[in-house]
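From just these sequences and the hints, can you work out the full model?
Protein chains in written order, with the working numbering: chain A, 1 to 72; chain B, 1 to 72; chain C, 1 to 72; chain D, 1 to 72; chain E, 1 to 72; chain F, 1 to 72.
Please note: incorrect hints may appear among the correct ones.
Because identical chains cannot be distinguished in the list, a pair is counted as satisfied if it fits within a single copy or across any two copies.
[Claimed, not checked] Mimicking DSS-like on lysine-lysine, the simulated pairs with C-alpha atoms at most 27 angstroms apart in a straight line are:
| # | residue 1 | residue 2 |
| --- | --- | --- |
| 1 | Lys18 | Lys57 |
| 2 | Lys21 | Lys57 |
| 3 | Lys71 | Lys18 |
| 4 | Lys71 | Lys29 |
Since the hints were made in silico from the structure, they are not lab data.
Residue-level listing of the chains:
There are 6 protein chains.
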Amino acid sequence: MFKIAISARNKLEGVVTKIEKGAVASTVKIEISGSTNLTSMITKEAVEELNLKEGDKVEAVIKATEIMISKE
Amino acid sequence: MFKIAISARNKLEGVVTKIEKGAVASTVKIEISGSTNLTSMITKEAVEELNLKEGDKVEAVIKATEIMISKE
Amino acid sequence: MFKIAISARNKLEGVVTKIEKGAVASTVKIEISGSTNLTSMITKEAVEELNLKEGDKVEAVIKATEIMISKE
Amino acid sequence: MFKIAISARNKLEGVVTKIEKGAVASTVKIEISGSTNLTSMITKEAVEELNLKEGDKVEAVIKATEIMISKE
Amino acid sequence: MFKIAISARNKLEGVVTKIEKGAVASTVKIEISGSTNLTSMITKEAVEELNLKEGDKVEAVIKATEIMISKE
Amino acid sequence: MFKIAISARNKLEGVVTKIEKGAVASTVKIEISGSTNLTSMITKEAVEELNLKEGDKVEAVIKATEIMISKE
Numbered sequence: 001m002f003k004i005a006i007s008a009r010n011k012l013e014g015v016v017t018k019i020e021k022g023a024v025a026s027t028v029k030i031e032i033s034g035s036t037n038l039t040s041m042i043t044k045e046a047v048e049e050l051n052l053k054e055g056d057k058v059e060a061v062i063k064a065t066e067i068m069i070s071k072e
Numbered sequence: 001m002f003k004i005a006i007s008a009r010n011k012l013e014g015v016v017t018k019i020e021k022g023a024v025a026s027t028v029k030i031e032i033s034g035s036t037n038l039t040s041m042i043t044k045e046a047v048e049e050l051n052l053k054e055g056d057k058v059e060a061v062i063k064a065t066e067i068m069i070s071k072e
Numbered sequence: 001m002f003k004i005a006i007s008a009r010n011k012l013e014g015v016v017t018k019i020e021k022g023a024v025a026s027t028v029k030i031e032i033s034g035s036t037n038l039t040s041m042i043t044k045e046a047v048e049e050l051n052l053k054e055g056d057k058v059e060a061v062i063k064a065t066e067i068m069i070s071k072e
Numbered sequence: 001m002f003k004i005a006i007s008a009r010n011k012l013e014g015v016v017t018k019i020e021k022g023a024v025a026s027t028v029k030i031e032i033s034g035s036t037n038l039t040s041m042i043t044k045e046a047v048e049e050l051n052l053k054e055g056d057k058v059e060a061v062i063k064a065t066e067i068m069i070s071k072e
Numbered sequence: 001m002f003k004i005a006i007s008a009r010n011k012l013e014g015v016v017t018k019i020e021k022g023a024v025a026s027t028v029k030i031e032i033s034g035s036t037n038l039t040s041m042i043t044k045e046a047v048e049e050l051n052l053k054e055g056d057k058v059e060a061v062i063k064a065t066e067i068m069i070s071k072e
Numbered sequence: 001m002f003k004i005a006i007s008a009r010n011k012l013e014g015v016v017t018k019i020e021k022g023a024v025a026s027t028v029k030i031e032i033s034g035s036t037n038l039t040s041m042i043t044k045e046a047v048e049e050l051n052l053k054e055g056d057k058v059e060a061v062i063k064a065t066e067i068m069i070s071k072e
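Following this line, the structure appears as structure tokens:
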């Protein structure tokens, strides 16, 4: 799969499983492995411009500063 | 493993594989599956207060608004 | 009150005073002292999964990189 | 105290209690009440351009999307 | 035009060209030069409190940690 | 110039004018027009993996939720 050359350090391949649209925001569910799902909130405009739909192969892209760490 | 009750929608279990400390910031590498690694940049203070070290089981925690989506 | 072990450096105890739900996003008002209120925008899904309601004791959790500083 | 007209919803008045500078990043501690402190990580350039020093009265400014909520 | 004294490093002057309001979020289009437009998603409350409307002269304010870099 | 297909709504073309590296973080200055410069703080690892250097043509990429609005 393609890899964009961007400073954001984290890229996880997955498949879109659900899209929910609000007036200006949208949530997109991405299955990145059999048991792990991500929830993304982006603009509705981005969903439409990327023509996102269920079943699409996508990459979740995340900046290093946005990965918090939790430990028991 | 524990699950913290927090509004952030995304939690990925992993193991710390590398920690690099700067004067005030640090980067932490987390292996979340055999072939997938995350890079986190947090404060050095957080690394020390959580007593993070290689081999620790942790959760990467990410807000929904921080998951961007890229499509070919 | 509980303290979650997370890299995010900032935790402010408060009480939920108002919740407003949109189709996918929600705003939550949190009173952290007699005269200070916070406004949080999270996913509607998070509001529902945490079963957030007015009067709930909560913690506002904020990463160090998200605290900007303004000076006169 | 001054209030800047900015879309960021959250402003907390406080006093700078400690500044730690790295090569490009810095951490700034802000006491917002007798028992509550915030940790901010900003660029070293911002610390210098604002001429931040211990004892300064400042406002911590935080966007609504950056306030996570944790509940027991 | 005014310059707010804030740690956020990036300020771009522009004119509001379009506002779209959802239940709790809103998108605001800002023209920063003849051919360049920005899209901002903020709370509806911020739009109303700043009394934002088409034609307003504004500044887009962005933290240094939010500027990603992409290279061919 | 290339346009990456990513949900982030804002892309500004520019030229790298200065790079300053810390132990784990780096700041990158980008000139997006004759009089406007951006400051980005990313990981040192990203600077090295993208092989960023002064004079490089790049795109600054910014999510819609990271564009705050300030008004006089």
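Evaluation of the provided hints:
1. Taking CA atoms no more than 27 angstroms apart as the test, Lys18 paired with Lys57 passes inside one copy only; the shortest distance there is 12 angstroms, against 30 angstroms between copies.
2. Within a single copy, Lys21 and Lys57 get their C-alpha atoms as close as 19 angstroms, which meets the 27 angstroms cut-off; across copies the closest is 30 angstroms, which misses it.
3. Taking the closest pair of Cα atoms, Lys71 and Lys18 come within 27 angstroms of each other only across two copies (15 angstroms); inside a single copy the shortest separation is 30 angstroms, beyond that limit.
4. Taking the shortest Cα distances, Lys71 and Lys29 sit within 27 angstroms of each other both inside one copy (25 angstroms) and across copies (14 angstroms).
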